[in-house]
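Sequence order for the protein chains is S and A. So the first sequence is numbered by the numbering used here: it starts at 1 and just counts up by one. So the second sequence is numbered by the numbering used here: it starts at 1 and just counts up by one.
Worth flagging that the hints you see were computed from the coordinates, not collected in a lab. Accuracy of the hints is not assured; some may be wrong.
[Stated by the list, open to error] Once the Cα atoms are required to be at most 27 Å apart in a straight line, the calculated DSSO-like pairs of lysine-lysine come out as:
hint: 1; chain 1: S; residue 1: Lys86; chain 2: S; residue 2: Lys98
hint: 2; chain 1: S; residue 1: Lys106; chain 2: A; residue 2: Lys309
hint: 3; chain 1: S; residue 1: Lys98; chain 2: S; residue 2: Lys57
hint: 4; chain 1: S; residue 1: Lys42; chain 2: A; residue 2: Lys309
hint: 5; chain 1: S; residue 1: Lys86; chain 2: S; residue 2: Lys109
hint: 6; chain 1: S; residue 1: Lys99; chain 2: S; residue 2: Lys42
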Amino acid sequence: MANYSTNEFKGGLKVMLDGDPCSIVENELVKPGKGQAFSRVKLRNLITGRVWERTFKSGESLEGADVMDLEMEYLYSDGDMWHFMKTDGSFEQYAVEKKALGDTAKWLKEQVAYTVTLWNDNAISVTPPNFIELEVVETDPGLKGDTAQGGSKPATLSSGAVVRVPLFINQGEVLKIDTRSGEYVSRA
Amino acid sequence: MATDWRPTASIDTLRERARLLARVRGFFAERNVLEVETPVLGHGGSTDVHLASLSLAATTPAGRERLWLQTSPEFHMKRLLAAGSGPIFQLARSFRDGEVGSRHNIEFTMLEWYRPGFSLDELIEETAALILALLARAPGPLRRRRYRELFREMLGLDPFGIELDELRRVAGEHGDLDMQGEPRDGCLDLLMSLVIEPELGREGLDVVVDYPASQAALARRHRDPEDGAWVASRFEIYAQGLELANGYDELTDADEQRRRFAEDNAARHRLGLPEVDVDQRLLAAIEHGMPAGCGVALGLDRLIQLALKRQSVAEVMAFATPNC
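Only chain S is shown next, with the shape it has when bound in the complex (with noise of 0.2 Å):
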């Protein structure tokens, strides 16, 4: 892969840092008007999700990642892997670890397109559609008549999600979740 210096670095550049692929958040120049300047960099570690703040000296150079993200739609799980398949036209296919399905495991439903991570050919993580279609397998009865109040009742949805629904809402009944805030849209 192909090195970048701290001059190349933009939202989005997917580089190695301490042996992890890591996508850029943000680069900042700091530097003193006469003075030596440096790039205060924020990545978020594509592997454990979480958000690193690192100092380079400008001119500093990194490796770059071999990420690539494919839209692919979920199609089953044998139990220990779980199963995508690319949208191209292709049907290659690509087993997921648990570890890198992560919190997506809630929102999973067969022939929905998922956001699939690839690092060196290896999924690394999954990201669910922004908003999805999921009908609800367990909650209280409805209460006629409690349409325009507030007041909301847990719901277990057909993938295992649990989410906070308006009473009104019933067993059987296909909901639009925002699955980045894991709250109710709407009725689907």
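For chain S, the structure is supplied; the task is to place chain A on it using the hints.
Coordinates of chain A only, in the frame set by chain S:
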């Protein structure tokens, strides 16, 4: 995706900017400081090791020549001073390669002015008055902070006395990077940027004075009364963690200036940086006789950013570099 053609500042912001520019001109008109306009191109450039100058090839009456884009209007303005202009100011487009960020832009507006006969204290006072005239609300008291005291207070070390190896260790620790082999000033710059600057100007305007002699650039040097160490006769003004202005008690010794330019180019050579053509006309002007006095350069975009409470200089510029 559609090409982003829109300005980085809103039209309303540009109206505000124009109003502030008018106020700057009013400020200097009241004080009988002459507005001048000098070229952005010159045959000599800034040799400063930490400034990257842009240059271009132009066809002139002398043939095909290399000309430098100014990093500040200092050299031309000093030639006017030597020619007897008296006090002058300029709103000057200046260029520094590679400097882009929330507080930097490759092309920016420098407000620079010179006051023959002024002491550094008088110029500090006038610079603070200019800043106050532009900020809608007074930022609080003006405090004088000695460079050395700041390091003692915030880091518990004497920047002039500390052993280089110890300084490298402290700088490396604060920046979480390897500073072995780095020069003294590089370590001090890192600590200044990461530890001290963010704390400056929080409750008013902080004026930092008595910089290390090695950071004098185009300023005179004087003895620190504490122990006779040489310090630079220079000041910087900070507001809300932002460096706004950099002032000098101007060096008027041509030989000393020539020596500093040569040292800069030697350091550039050592560091593998391109050497910059020395401005011989500036040296000739200083040789002829430049009146003693002080001058200051103020990053006008940053001051406007503060005055209008924006997050970045791009938001107060019609088109910041990435969108130009």
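The hints, checked one at a time:
no.: 1; hint: S:Lys86 <-> S:Lys98; verdict: 19 Å, holds
no.: 2; hint: S:Lys106 <-> A:Lys309; verdict: 42 Å, violated
no.: 3; hint: S:Lys98 <-> S:Lys57; verdict: 38 Å, violated
no.: 4; hint: S:Lys42 <-> A:Lys309; verdict: 24 Å, holds
no.: 5; hint: S:Lys86 <-> S:Lys109; verdict: 15 Å, holds
no.: 6; hint: S:Lys99 <-> S:Lys42; verdict: 24 Å, holds
In this structure, the hints that do not hold are numbers 2 and 3, in rising order.
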